[in-house]
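**Q** Quick note, the sequences are listed as chains R and G, same order.
Per my numbering, residue 1 is the first one in the first sequence, and the count goes up by one each step.
Per my numbering, residue 1 is the first one in the second sequence, and the count goes up by one each step.
Hints in this document: simulated from the structure, not taken from any laboratory.
Incorrect hints may appear among the rest.
Claimed, not checked - Distance ranges between label pairs, derived from CB positions: (1) Asn248(G) with Asp366(R): 34 to 42 Å; (2) Glu317(G) with Lys2(R): 33 to 41 Å; (3) Glu11(G) with Asn211(R): 50 to 58 Å; (4) Ala56(G) with Arg385(R): 49 to 57 Å; (5) Lys17(G) with Asn88(R): 14 to 22 Å; (6) Asn175(R) with Lys356(G): 43 to 51 Å.
None of the values given here were measured: they were computed from a predicted structure.
Note that the Cβ used here is the ideal one computed from N, Cα and C, for glycine as well.
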Amino acid sequence: MKKIILENNIPVVIKENKNTPRIALCFYFKLTEPEKKAGLYTLLNRLFLQGTSKRSAEDIAIELDENAIDCYSEMKHDFIRFKLQCLNEDFEKGLDILSDIIKNSTLEEFEKEVIKLKGEIPAEMDEPKSKAMDGFYKNIFLNHPYGHTYTKILEQIDDITKPDVEEAYKNILTNSPKVISIAGDFENKDISELMKKYFHDIKNKKETITNIPAPTLEDNKIVKIEKDDAAQAQIIQGWHVPTIYDKDYAAIMVMNTMLGSSGLSSRLFLELRDKKGLAYVVRSSYEIYEKAALFNVYIATEPKNIKTSLEGFKVELDKIKNVPVSKQELENAKNNLIGKRQFFTETNLQQASLMAFYEDKGLGADFEDKLIEQINKVTIEDIQRVANVCIKEPSVLTILAPSEYLKEV
Amino acid sequence: MENNIKKTEIEYPYLTKPVEIYERENGHKIILAHKEGGLVNISSWVKTGSINENDANNGISHFLEHLMFKGTHKHKAGYFDKTLEAKGAIVNAATWKDYTFYYVTLPQGPNGEYFKEAIELHADMMLDPVIPEDEIGPAFQLGDDTVSQKRERHVVIEEIRMRQDQPWTKIYNNTNKHMYTQHPYKRDVIGFPETIASIPRETILDYYKTHYTPNNITTIVAGDFDHEEILEKVIKEFDFKGRANAQNPIHKIDTPTQEEQYYELKGKISTGFAITGWLGPVANNIKDNIGLEIINVILGEGQSSRLYQNLIEKADEPVFNVVASDFYNFKDGGNFFIQANFKADKKELALNLIKKELQKVVDGDITEREFKKACKTLKCNFAESSERVSDIAENIGYYMTVCDNLDLVEKYLETLDSFTLEDVKNIAKQYLQIKNSVTTVLIPE
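Work the whole structure out from these sequences, hints included.
**A** What follows is the structure, given as structure tokens:
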């Protein structure tokens, strides 16, 4: 892995992988200003492939598809990132289109994109799981941009104007800190020259100070969502926990692996699925944001099992808080976590994506190696301690189910 | 090395070495694929799925897949998952109409130790499952709340419930049921809660013995390893002990409906969902399958596709939220689909607009430019599927199990290169007539 810095101070992290047919590039734009109205950044993100001063939306779609180039943008809570992936021989063509999209998007299709998004949200909400998740995130990040879910967007989208989106575009283009990462077989390409050619004229802000505040959660909350024809109840409970910058990051990852994030041998899987037959899907997750993180547990189960499932969660959560884990279980979880990271960094796109993620967070593109060291150092005491740090009131519990089953909750 | 083992090789696009195919005297096939990197994948594909099911045992292939993880005579339930996951493995399985497959993807470990242990445990699981009564759980009447031992039967029933809440799955299943009339493909792979609640252990064991035979199993290893050593290892661990081979039934190929069919379902939703399906060619009719794959790219894959551009981007008024096409290959005849989500009060208009777009393609209105784009996309799909050991193995598993022939991988690119626009037009006309279609719509109550 190596790193070059362009004249405009944009860092480019590079990893060469021989004998791979497709090159991948990620371009990160950190969001440093809170989203003023729910949906503003979502709309901006969607408008990126909808036309530039050189190419219409249809031109872009055809040019990409004719060359089998994957190029798209994604909006996460703390960044907008572009991903480019194509056959090695088409890399320069891909860069040409990507740089055009980044620099020259016209945002002309604003009205149409608003209409499209307003149509897609109800379609998404027809899936019970999406509806439950929407209710969960909206409440655990109440009054915070991280809680700008689909239904929140529907409430506010009509207040967003084209000048709002233009301003946001201008702002991220000039004021946001940026990172580029590339992985692939470069053959005879001079990556440094290519980056200079296509991206030297983009402004970069070196400082990574963000004005997005840290979200808070004051009280326990139960969110009930009625869906009378649901065959399963959707249950999700979450807590605000330390994020990636915290010394406990690695320990929380291991705890999450042990409890329910990984495969068929985690505690929640064994106890709630294998032994009690309560669910097909049951898991825990640890979600990272710039200014927050969540630890969540999730189960989808027959509605009459809601109480049993909640009791099952409580038993397992209390256990990890109160009973030291065995040395063997800890070692298994660490090896599981470390081994699986290879699986999640197998392709060039996955590698580029992870390098840019770490670089954007200021942790360095090679943070993965440090993280593995930290994982190896996690102790039995760490697991119990972070379980007590993470799983404590307040929490948000969201349950979607037919109304008759919600009464007793 | 075992005697009488037949070896062939094929050139696999984007891999740096040929893929080796070994067929043992008992019919068990072993495929070795080289891919640089630290990860290896070992999988076994069994030629059974809903293709071998009937009304009485529908769902048994998938239920058995769950129960294969419940221990062997050597290792009790949980050992396999726990041991391999503690080495960073991804272990899982999947069941579909023509196949059931089991896989492990993991880092090789020091001196390839993890890898060898994975081969041992995987072979043990494939050849010697106990399927214990207490892991299946007692048979019960659906709705009986007094059942105390809720084990794997309930897990599968929860999986069925999960699918009942998915609008797309609901309409796919209904369309599928009416596209096929005789063939077992008409049944949903996962089956019904009533069957899963009551099917006896003996029936499941019999099903295992009938179908998990040497001639029905292909074992695939993908990664960077010593081929001779790993071939020996797989042969040693896959000791079938003279197990008799299966006589797979030959099913009559279904013919498409001759009159357009339409079904309407209702649910507590706020938008409309639709799927229109057509029967396609058998999987090893590579020419017609490629033709339909080309049409799929032109009509409904990606943002430059006809359906997306004409019905969403350039629409006179907003009707569709989603509109795309898809194509599935099955041994005895696949499916071509158009799927759409639309505004609930625009149902008639939505269905008419889809028909209009389809008719243009059937009438031969396809440009050379669209045709070239589709060919490039299909070629690039090979590059994509050669990036991960798990994807390489899945692609090989598909060709070996569904098409019965890995040579088709080589033939695929040759056939694609020889395709003409005229061929594509003829295939559209042959397979995608409105009168041969089945549509299911799900709209708000």
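**Q** Can you give the numbers of the hints that this structure goes against, from lowest to highest?
**A** 1 and 2
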